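First to last, the protein sequences are chains A and B.
Residues in the first sequence are numbered consecutively from 163, following this note's numbering.
Residues in the second sequence are numbered consecutively from 163, following this note's numbering.
Calculated from the structure, these hints are not laboratory results.
Quantities reported herein were computed from a predicted structural model and do not represent experimental measurements.
You may find that some hints are simply not true.
No copy labels: a pair is met if it fits in one copy or bridges any two.
In silico DSSO-like links for lysine-lysine, alpha-carbon gap of 30 Å or less [said to hold, decoys possible]: (1) Lys445 to Lys256; (2) Lys267 to Lys380; (3) Lys362 to Lys287; (4) Lys243 to Lys445; (5) Lys295 to Lys243; (6) Lys445 to Lys295; (7) Lys380 to Lys448; (8) Lys293 to Lys379.
There are 2 protein chains.
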Amino acid sequence: MVKKFIIAIDLGGTNLKCALLDSRLKIKARSYFNTRSFDNKPKLIQGIIQSVESFMVNHRLNRSAVLGIGIGMPGPVDTRKGLVHFLPNIPGWKEVGLKKILEHKTKLPVFIDNDAKLMALAEYKCGAAKKYKNALCLTLGTGVGGGLIIDGALYRGPDNAAGEVGHLIINEEGLVCGCGGRGCLETYIGNNHIIREARKLFGPGITLEEVSALAGKKNAKAINFWNQVGEKLGVAVSTLVNVLNLEAVVIGGGVSHAGNALFDSVRQTVRSRAMRVQGQRVKILKAKLGVDAGIIGAGYLVKES
Amino acid sequence: MVKKFIIAIDLGGTNLKCALLDSRLKIKARSYFNTRSFDNKPKLIQGIIQSVESFMVNHRLNRSAVLGIGIGMPGPVDTRKGLVHFLPNIPGWKEVGLKKILEHKTKLPVFIDNDAKLMALAEYKCGAAKKYKNALCLTLGTGVGGGLIIDGALYRGPDNAAGEVGHLIINEEGLVCGCGGRGCLETYIGNNHIIREARKLFGPGITLEEVSALAGKKNAKAINFWNQVGEKLGVAVSTLVNVLNLEAVVIGGGVSHAGNALFDSVRQTVRSRAMRVQGQRVKILKAKLGVDAGIIGAGYLVKES
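Make the full structure from the sequences, and use the hints.
What follows is the structure, given as C-alpha cells:
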C-alpha cells in the first residue's frame, strides 16, 4: 500500500496542534489541545500518543499508510538523535529522547525539530520565502525564534542550534537576557518586554492584539509604539543582511499582525542602516502560512527524511 | 601540455603582491610593489599585466602552461561577471570590468574575488579552519573583513556580498560608519579607531605594532588596551555564534598579532555572552597563513573555477 499520510504536530507553550496531512501536505483533519491541561511531561507525551491514535482510528489508517510523525518543539532539539534538550516555556523537559519514546509507543517513524526551524522550512517550501534561496524567517512571540535558509536548504549548524536570532546582541550594555547574555534582541522585542511597555502607555489591561487593532485604526500612539518595535527589529535585521546578503526576511508570529506600523519601520530602518547592495537586495515580507506554518513544516520534515 | 601554474595576485591598499604558484599552490616565485606607486587605475592595471608578463618570461612559460590568473581585490566584487564595484581605499575604481580587461590583454582566464573571501577560502582549505565546515574568518585591518564557510563551502550570497562582519551593528546608538550605518563593529575596532585610542593612552607617535609588543612584554596598560578591543570583537562574535552555530572563528590581519591579550578577551567574552551550546562548540583561533592567505586563496579560486 502506498504511504499517503503524515501526522504533523506543533507543540507550543499554549497549544498542542495536531493534523493529518496527505502526501501533498494538505490538511485533512485537525485536533487542538491546551498544552497546560497536561500537568506534566508523561501526560503531555500521552496526549501526543492519543492524538496520533485517534487520527489512525477515525480515518481507519493502517500503520503502513502513514509515512511518519513530524513534531515541532518549542526549544532546542538534536534532530538526528531525536532528543529534546529543554523547553524554556514548559517545565520538566530535560534531555528527553522523544523520538525513541514515541517510536516505541506508536510503531511509526518519528522526526522532531525545533518549531522555528520548521516554520522557516514551510515558508521556504510553500510560503512567503518560496522564491528566495537565502532567507531568514523570524517568529515573534514570547521568544524570538528564527530559521535560516542558505543556498536553498535549511541551515542547522553542527548542533542544530543555528537561527537563534532572538539572541543577536543589539546593545552590548543592554539588559540581562534569559540566555545569560546581555542586550539580546529578545530583551527588546519579546512579548514580555513589549507588553510591559504597552501597559505603561495604554493602561494595565491592554493586550498586544488591542494595540495592533488601534494601529490599524490610525491611533498615533499605537503606530508610534509599533514603529519603535520595528526599529529595534530593523537594527538586528540590518546586521544579518550585511553579514548574510539575504534575499528575503520573512516575519511571522503574533506580533507580525501589527501590520504596516511594524513592517514599514523595519523596512525604513534597514534602508537607512544596511549597506547599499545588501539593503537594496533584501525583501522584508510578512509570513504567509500563519498558524499552520509549524504543521506544514513538520510535514516537510517527514517527507524529506 | 599539462597546465601546471597559476598566477595569484593580492591587491591591497598598501601592497600589490604577486606570486607564481604550482598546481599544489606552492609559491614558486614572488613579486611585490607599493600600490601607491601606481598613481591611477590604468597604471595599476598595467602594473598587474606587467607582473603577469614577467612571470611568464622569467619562467619561460607558454600560455598553455598557465591555468589562469586569480586576483583578490580590497572591496566588493561581482565574481561571476568579473566586475569590481568599488575599492574603499583606492580611488578611481567604480564598476570596473577587470576580468574582461585582463583577459583581453593577457589571453589567460582571469578570476577575481573579494580579498577577505579569498583569505577565508585559504584558511578553510589549508589553514586554521581546515577541519571546520562552518566557520567565520575575520581579517582585522583598516577595515574589518570576513568570509563565511557554510556547510563546507564559501558562502557568497546573491550579490557576493556576504561576510561583511565589519558592518555588524554592536551598538545601535554608536558612531556613524563609512557604510552609512551607525555603531558598526568597524567603528570600534578598525585600525583608524584603535590607533586614535592608542595614541591617547601611549602618546602621539605610537604604532599598533608597538602596542602589541608592549602587551607581549606584560605591560598592563597595553594588555588592558587589547582586552578592550577583544571585548568589542567578542560581542560581535557572540552574535554570529548564536545565529550561525559556528564551529570556528579564525582571526587574522595585522591586529591579530596582539596575541593572547586579544584572543583571551575574545574567548572570555564569547564564553560569558554566547548561548551555552553555541558557546561551547566554537573555537576561537588565530589565522595560520598570515600574509600569504590572499595569494593562496586566489590560487584556490582559479583551481576551483
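Status of each hint after checking the structure:
no.: 1; hint: Lys445 to Lys256; verdict: between (38 Å within a copy, 26 Å between copies)
no.: 2; hint: Lys267 to Lys380; verdict: neither (53 Å within a copy, 63 Å between copies)
no.: 3; hint: Lys362 to Lys287; verdict: neither (40 Å within a copy, 55 Å between copies)
no.: 4; hint: Lys243 to Lys445; verdict: between (35 Å within a copy, 23 Å between copies)
no.: 5; hint: Lys295 to Lys243; verdict: both (27 Å within a copy, 20 Å between copies)
no.: 6; hint: Lys445 to Lys295; verdict: both (12 Å within a copy, 28 Å between copies)
no.: 7; hint: Lys380 to Lys448; verdict: within (20 Å within a copy, 54 Å between copies)
no.: 8; hint: Lys293 to Lys379; verdict: neither (33 Å within a copy, 56 Å between copies)
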